Amino acid sequence: MSIKLFKYVTNFCIKSRVLMKYNLSTSNNEKLIKVTFNKANGEKVTAEGKKGDSLLDVIVNNNLDFDGFGACEGTLTCSTCHVILNQKNYDELPEKPSDEELDMLDLAYNLTDTSRLGCQIVLEEKLDGLEVNVPATVNDARNWPTFHISRHKTFYGFFPSCNIIVYTVFDIFYSS
Amino acid sequence: MRWRYLRHIVRKYSKDNNRFHVGIVGAGPAGFYCAQQLLKTIPGCQIDIYEKLPVPFGLVRYGVAPDHPEVKNVINTFSKTASNEHVRFIGNVTLGRHITLAQLKHSYHAVVLAYGAEEDRKLNINGECLTNVVSATKFIGWYNGQPQNKNIKVDLNAEHAVIIGQGNVALDVARILLTPVDILRKTDITEYSLEALAKSKVKKVTLVGRRGPLQVAFTIKEFREMLKLPAVSTNFYEGQMNTIENVIGDLPRPRKRLMQLMYDASQKLESRGDKSFDILFYRTPISLLGSDKIEGIELAINRLEGDKAVITNEKYTLKCDLAFRSIGYRSIQADPDIPFNRASSIVPQSTGIYSVGWLSSGPIGVIVSTMSNAFQTASLIGKDFEKGLLSDNPKPGYSYISKILKDKDRITIDWNGWTKIDRVEIERGMKRGKPREKIVNVDEMLKIGGT
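Protein chains in written order, with UniProt numbering: chain X, 1 to 176; chain W, 1 to 451.
Hints were generated in silico from the structure; no laboratory data involved. Bear in mind the structure is a predicted one, so any value in this text is a computation, not a measurement. Every residue, glycine too, gets a C-beta built ideally from N, C-alpha and C. Treat each hint with caution, since some may be false.
[What the hints assert, rightly or not] Simulated pairs of lysine-lysine, DSS-like, Cα-Cα distance not exceeding 25 Å: (1) X:Lys44 <-> W:Lys40; (2) X:Lys88 <-> X:Lys51; (3) W:Lys122 <-> W:Lys153; (4) W:Lys383 <-> X:Lys39; (5) X:Lys31 <-> X:Lys51; (6) W:Lys275 <-> W:Lys204; (7) W:Lys228 <-> X:Lys96; (8) W:Lys203 <-> W:Lys268; (9) W:Lys40 <-> X:Lys39; (10) X:Lys126 <-> X:Lys51; (11) W:Lys403 <-> W:Lys447; (12) W:Lys186 <-> W:Lys150; (13) W:Lys52 <-> W:Lys138; (14) W:Lys52 <-> W:Lys403; (15) W:Lys256 <-> X:Lys96; (16) W:Lys80 <-> X:Lys39; (17) W:Lys153 <-> W:Lys201; (18) W:Lys80 <-> W:Lys420.
[To be verified] If you only want the chain W side, here are some residues facing chain X, beta carbon under 8 Å, derived: (19) Val74; (20) Lys221; (21) Pro254; (22) Arg257.
With the hints as extra help, turn the sequences into a complete structure.
Put into structure tokens, the structure is as follows:
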């Protein structure tokens with residue numbers, strides 16, 4: 001049993017390394033496809049993906065932080081990767097949505113006639129420069145956390161430990 | 001006041017919020033989504049998630065049907081949240097029994113109640129205690145290995161099963177009863193229920209609803225699955241589907257597609273096999289018949305007045321040997337101090353004590369709605385924190401609660417403990433060709449992962 005397992009694991013490792021090499025060599029020649037996501041809070045995020053990647057792959061591979069996006073990991077059992085396209089792009093997509101995809105979209109917030117699930121849109125060269133809107137999963141506009149975090153960064157950038165000192169001084173003051 | 005304000009400003013802009021403690025009660029999807037979002041809105045806050053059972057994930061583990069493994073992928077995101085250094089999982093602790101809300105309030109700046117809606121609504125009619133009248137919730141808990149429901153009595157040596165209710169829970173029960181058992185063998189369904197389902201004689205399942213086709217609560221994906229079940233034909237009662245044909249066109253898209261699918265199914269007459277799935281509208285159960293075991297259900301025929309069902313004097317009897325009630329859930333008040341709204345069985349938001357998921361919205365909606373609700377509440381907590389509405393005094397967090405639990409000799413399970421249980425379950429499943437074989441005994445779970 002354990003020998004079998006060992007063989008399986010080593011085989012898998014070899015295979016995946018081979019695959020990795022293959023991927024690396026092709027990706028160098030291949031043109032990357034650009035996609036822009038317009039988030040509900042007004043933020044624009046541009047990322048790149050390879051041909052054959054889904055929009056969900058683009059978000060996952062680039063570590064983009066979209067709240068709750070792709071909860072079922074692209075298995076057509078939720079509607080959290082809902083994106084809205086413009087009519088032209090929607091019509092141009094080679095694959096029309098399947099019944100199963102439409103079933104899930106029916107549960108999405110802010111459903112439109114040009115809505116699709118990001119996990120079902122597969123990138124190809126002619127889609128380069130694609131722009132999609134990502135509707136909010138929550139009904140209120142959540143723009144304050146982004147603002148909040150960006151303030152942190154500048155503060156930290158200038159005086160890395162200053163705020164901690166100030167904090168401690170006030171803490172002592174307040175508690176005494 | 002001024003110092004307080006300054007102190008708050010400083011805290012707001014310092015990344016070191018680790019003196020801010022949040023306690024979440026319930027490790028289901030609502031609790032985990034809330035924790036996930038809180039880590040973003042209040043970076044560095046300390047989150048402790050309490051769970052009644054030794055194991056996490058609530059309805060994702062014990063509610064989602066075994067033949068829907070994709071839906072359980074959300075567990076990966078939850079596990080990522082739980083592995084965050086600022087998140088602690090404490091299993092095997094019940095609010096209202098081992099700890100009280102007052103103790104939680106003492107330990108945490110914000111308490112988030114996420115314990116869902118565990119009680120099922122009763123029909124409150126004669127015969128509800130007859131043998132083989134089963135709560136659908138408990139039945140689902142039974143085949144999913146929920147420890148408190150592992151021993152419920154259900155006799156599947158029955159030909160006709162009636163399910164009262166027309167939501168997704170009702171469809172889940174119907175699908176499990178009608179799916180060929182060999183398909184279920186490859187899922188994480190418990191071994192004892194597989195054995196029982198293999199011997200099942202159920203040939204026909206009828207879904208009974210008070211209102212009409214336009215008011216069904218199930219969603220299209222679940223209904224489409226019923227149409228695709230091998231050797232099962234879906235039937236409607238004569239004359240019940242004709243009325244909707246004219247209104248389909250005017251409905252909003254989601255309803256329209258579901259109604260069209262139901263209408264098309266009602267027009268197909270060919271039989272797909274020896275099993276049947278029937279849908280009966282406009283009936284209210286008025287009594288369950290039988291002397292010891294259920295033998296039939298007496299139904300009143302309804303007519304619709306607007307969106308409401310009104311009982312008429314006409315009656316209709318449906319013979320059956322097994323009945324499930326699936327008419328919704330209700331939340332309980334786990335602790336007398338919880339600001340619980342008895343009329344609607346929910347906990348409204350208040351500063352310092354928040355509710356998420358079904359406890360906050362009522363037991364409706366798919367996982368997306370729970371996620372959205374949890375995110376919303378988390379941003380509400382963030383706003384209250386911003387405004388300085390939540391106490392600025394230092395709070396003890398888990399150190400206080402852990403003392404209480406230690407005094408009571410309560411065995412708890414941390415995240416590490418759960419990963420041990422998880423590993424054992426997956427190993428046991430592998431031997432049977434399943435993704436996992438759930439442990440259904442709490443003592444066994446504690447033995448493996450307890451500290």
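Hint-by-hint comparison with the structure:
1. X:Lys44 <-> W:Lys40: It holds: about 19 Å lies between the C-alpha atoms, which stays within 25 Å.
2. X:Lys88 <-> X:Lys51: holds (20 Å)
3. W:Lys122 <-> W:Lys153: Holds, at roughly 17 Å.
4. W:Lys383 <-> X:Lys39: Roughly 21 Å separates the two Cα atoms, so the pair holds.
5. X:Lys31 <-> X:Lys51: Judged against 25 Å, a Cα distance of about 8 Å means the pair holds.
6. W:Lys275 <-> W:Lys204: Judged against 25 Å, a Cα distance of about 6 Å means the pair holds.
7. W:Lys228 <-> X:Lys96: Holds, at about 22 Å.
8. W:Lys203 <-> W:Lys268: With a Cα-Cα distance of about 20 Å, the restraint between Lys203 (chain W) and Lys268 (chain W) holds, given a limit of 25 Å.
9. W:Lys40 <-> X:Lys39: At roughly 17 Å apart (the allowed maximum being 25 Å), Lys39 (chain X) and Lys40 (chain W) satisfy the hint.
10. X:Lys126 <-> X:Lys51: Measuring from Cα to Cα gives roughly 10 Å; hence the hint holds.
11. W:Lys403 <-> W:Lys447: Holds. Lys403 (chain W) to Lys447 (chain W) sits at ~21 Å (cutoff 25 Å).
12. W:Lys186 <-> W:Lys150: holds (20 Å)
13. W:Lys52 <-> W:Lys138: holds (17 Å)
14. W:Lys52 <-> W:Lys403: holds (18 Å)
15. W:Lys256 <-> X:Lys96: holds (19 Å)
16. W:Lys80 <-> X:Lys39: holds (24 Å)
17. W:Lys153 <-> W:Lys201: holds (16 Å)
18. W:Lys80 <-> W:Lys420: Distance of about 16 Å is within 25 Å: holds.
19. Val74: It holds, given that the least Cβ distance between Val74 (chain W) and chain X is near 5 Å, below 8 Å.
20. Lys221: holds (4 Å)
21. Pro254: Cβ of Pro254 (chain W) sits 4 Å from chain X, so the hint holds.
22. Arg257: holds (6 Å)
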